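Chemist: Fit chain B to the supplied structure of chain F, relying on the hints for placement.
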Amino acid sequence: DAMVIQNPRYQVTQFGKPVTLSCSQTLNHNVMYWYQQKSSQAPKLLFHYYDKDFNNEADTPDNFQSRRPNTSFCFLDIRSPGLGDAAMYLCATSSRGSGNEQFFGPGTRLTVL
Amino acid sequence: AQSVAQPEDQVNVAEGNPLTVKCTYSVSGNPYLFWYVQYPNRGLQFLLKYITGDNLVKGSYGFEAEFNKSQTSFHLKKPSALVSDSALYFCAVRPSGGATNKLIFGTGTLLAVQP
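Chains F and B, in that order, are what the protein sequence lines are.
Under this note's numbering, the first residue of the first sequence is numbered 14, with each subsequent residue one higher.
Under this note's numbering, the first residue of the second sequence is numbered 370, with each subsequent residue one higher.
All the given hints hold, so there is nothing to weed out.
When the alpha-carbon atoms are kept at most 25 Å apart in a straight line, the in silico DSS-like pairs for lysine-lysine are as follows:
#, chain 1, residue 1, chain 2, residue 2
1, B, Lys-446, B, Lys-418
2, B, Lys-446, B, Lys-391
3, B, Lys-471, B, Lys-438
4, B, Lys-391, B, Lys-438
5, B, Lys-438, B, Lys-418
6, F, Lys-65, B, Lys-471
7, B, Lys-427, B, Lys-446
8, B, Lys-391, F, Lys-57
9, B, Lys-391, B, Lys-471
10, F, Lys-57, B, Lys-471
11, F, Lys-51, B, Lys-391
12, B, Lys-418, F, Lys-57
13, B, Lys-418, B, Lys-471
14, F, Lys-30, F, Lys-57
15, B, Lys-438, B, Lys-427
16, B, Lys-427, B, Lys-391
17, B, Lys-471, F, Lys-51
Because the hints were derived from the structure by calculation, they are not lab data.
What you are looking at is a predicted structure, and each value in this text was computed from that prediction instead of being measured.
Pulled out of the complex, with its shape left as it was, chain B reads as follows:
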């Protein structure tokens, strides 16, 4: 079965420190991978995606993610966390095949950045 795993329910980091939010996937074929962020009582906002090419993808608000095919991972990173980065982060994968961009979401990771 095709799936996405976010092994950490919550990540705590001090402001100014680097952060990593983990994501691993299991899909057939070449995956399209996405990260979204959700602030309280808001919809999801697109951060970045990997389709093909350079394994290091840069996105909004200083976030980046590295695609690692051998480890089937797509971890989200930021060199220096801000308190305003505190939110719920979802990793998503688009299964191969089909034409409607249906996504499989991970269970989400709550990022808490302490001042």
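For reference, chain F alone in the conformation it holds in the complex:
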């Protein structure tokens, strides 16, 4: 089945220790998104790629970076995680077209000790 896969599902890191979260998709979608979601709040868009074009949200901290080496994979790098970065991180994809829905992965829950 075509899907969005996130690894790992649970990640524990220490304060200040860099961490990378992974997302892959078999949907061949042009657009990939990274969201941060805290405590059943609405997902907050961090950035998205439209093909290889990177689009950062204005309020995304510099501590968060992303890479998209190819169509299928996208990575979220947190350079120096703080306690406030503990959250669920959701990856999503969509195909080109204004009315197309986003498909979400299962998420990675990040714990910062």
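Modeler: Below, chain B without anything else, positioned relative to chain F:
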């Protein structure tokens, strides 16, 4: 500013009864509207969307939603609730313009269906 409002943090309904989860929006131009459901420790699952055409949209798991342009609403409904429908529901709107399907999410409504 463009926004989505879900006025109820939680909706409680008995199994077998109809349910409604409310959503109103404020965007310029013609909106594209979406409903997603999220089960604990899972990603969001797409339920249904309104792009154009018939104001009543049918989606997954027996859910439907009615687009009301004059009231700027897109309420989610189901004729007969199941305990398994208990989850967090998000309404989202795509602002007009742009080409990347960026969504504005509501704050979410927790649906609790009692047996």
